[in-house]
Amino acid sequence: MKNTLVSIFNFYAEGFRNMTWGRQLWWLILLKAAILFLVLRLFFFQPVLGGKSEAEKIEHVGNELINP
Amino acid sequence: MIDTALTDWSRLQFALTACYHWIFVPLTLGLSVIMAIMESIYVKKGDPFWRQTAKFWMKLFAINFAVGIATGIILEFEFGTNWSNYSWFVGDIFGAPLAIEGILAFFMEATFFAVMFFGWNKVSKRTHLAATWLTGIGASVSALWILVANAWMQHPVGMTFNPDTVRHEMTDFWALVLNPVATSKFFHSVFSGWMTGAIFVIGVSSWYLLRKRHTRFALASIRIAALTGIAGTLAVMLSGDSSGVHAAKYQPMKLAAIEGLADGGTRAPFSVVPGVEIPGMLSILATHNIDGYVPGINNMLDGYTTPEGETFPSAEKKMESGKKAIEAFRTYRANKDKDPHTAMQARKVLEENIDHFGYGYIQSRNELVPPVQLLYWAFRVMVGLGGYLFLLMVAVLWAERKKRLAEMKWLLRIALLSTPLVYLAGQAGWIVAEVGRQPWTIEGLLPVRAAVSSVSVAAVQTTFFIFVAIFTLFLLIEIRILLKAIQKGPETDNTPNQAQP
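Protein sequence lines correspond, in order, to chains A and B.
If you count the first sequence from 1, position 52 lands on 52 in the working numbering, and the numbers rise without skipping.
Position in the second sequence (from 1) plus 68 gives the number in the working numbering.
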């Protein structure tokens, strides 16, 4: 089991180490993830129901639906 | 009262994100199959040429995948912020398929994608081939769950509304998965991806032939792509046919709007373009019977009875029923803790009228008609381009088999210039699917005006323009990296590090 896990780890580690053009793509993915999660999600996309308890969510949406 | 500007901006933002997402997904779906076929030939014949060929397309696949990855997550952000009423109201119906998609996609892609790119010379040929195929299958399985969720919004099945939690609860998982709308939507979307992959490969390969570079590679790629694309187009036609039947059955207003059909009947004509009609063709497409009855927009607004005697209520009756449902919901909520008897009576009224719940938010019968002109032309752009691209693939394959393609510069130029058209056809298809269900987020149950969150219009406008900027930037980056890779072309196996991404 331990050997299998080590082999899998080495497989990924070696793969990442030997990347050539793929390195540029990984930077692109990381940049995109940073923009998505550290900028858009944190500053612009706060879930409206976030931070509310289950009962508060029910109350909020229920009121929205009966007072269209 | 929700401002219509807020609803429109929220819709526009969601549409922008979804359209952008759909630039990358179809190429992932189609290219994965084409490169897997190429690698299969390599494993069968042992000719390193096919290995190089598959590897080059894998490189373009990886670029497309890297730029497109996670664009779908933005849609989920929007659900939580701009569509919170909808997100809560759908409950686990929408959450379950998306959760399965997220988990499956992550594990399948993280595993097989890694073996596909890192595994050359490390795992056996057959194991590598299996990983390549499973990468493609994984992408299609991901699409399945997204489309199951989408199809439920078009034809809600397998659930019940719980007024205590204000959510829908799943009662039949398999009804959700085997929803006929989901089945046809899945095959239609996935096989349209095959068309996208095929046209993309043919376009790039045509460029090489025009530049007299990598001739063998380009001709071989065109052969595989054209065969894949032709098979995909035939499957798109079949699934499109069942989509038409399902639209007639479950979303007749969408079908009538696509056709601009004001007044329906039996032997309904199909409009090719304004002024050109094929008598009886719409009845055949919608019901597989030339005498089949197809209701028009006015019939549905006024209420109608089919020749078989089935009666459908008018828009006003549905709106009245919807208002009753909302009022009963209000009464139930107000009395459930203090007057159980009144609450139970209200709940009964709610259950009797729940199918028309969403109609209670509709203020005018005209709101029930989706934008006819946009749908009419989007459908014709989709079908027209689909037919044109099919003929193009047949012509290119024929010329390749006759060994004349490399000399037919005009055909190569047409093939190259046609590459963007497959994207246009795909976008038009989604406009038909999504604009066609307006005014509903969930057919009959929740219109967009009730689904939207009470946030400021300015906030949605701000994020809309941020998205336009970010999406354009990433699209330009992708195009630049893709063009650079195409310019460089396929490499030989002697090139150092070529085995690694």
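Bear in mind the hints are in silico, worked out from the structure with no lab data behind them.
By construction, the Cβ of each residue, glycine as well, lies at the ideal position given by its N, Cα and C atoms.
Be careful, since some hints might not be right.
Unchecked claim - Quick list of the computed label-pair ranges, beta carbon to beta carbon:
| id | chain 1 | residue 1 | chain 2 | residue 2 | range |
| --- | --- | --- | --- | --- | --- |
| 1 | A | E59 | B | E395 | 17 to 25 Å |
| 2 | B | G452 | A | E59 | 49 to 57 Å |
| 3 | B | K471 | A | N18 | 50 to 58 Å |
| 4 | A | A55 | B | F174 | 31 to 39 Å |
| 5 | A | A34 | B | G170 | 14 to 22 Å |
| 6 | B | K190 | A | A34 | 29 to 37 Å |
Should the hint that A34 (chain A) and G170 (chain B) are 14 to 22 Å apart at their CB atoms be regarded as holding? holds, 20 Å
Just tell me: holds or violated, for the beta carbon distance of K471 (chain B) and N18 (chain A) against 50 to 58 Å? Violated - the Cβ-Cβ distance for K471 (chain B) and N18 (chain A), about 40 Å, lies outside 50 to 58 Å.
Just tell me: holds or violated, for the beta carbon distance of G452 (chain B) and E59 (chain A) against 49 to 57 Å? holds, 50 Å
Could you tell me whether the CB distance from A55 (chain A) to F174 (chain B) stays inside 31 to 39 Å? Since A55 (chain A) and F174 (chain B) have Cβ atoms about 32 Å apart, the given range 31 to 39 Å holds.
Assuming the hint says 17 to 25 Å, is it satisfied by the Cβ distance from E59 (chain A) to E395 (chain B) or not? holds, 19 Å
Holds or violated: the 29 to 37 Å window for the beta-carbon distance between K190 (chain B) and A34 (chain A)? Holds, at about 31 Å.
In the structure shown, a violation is registered for the earlier hint numbered 3 alone.
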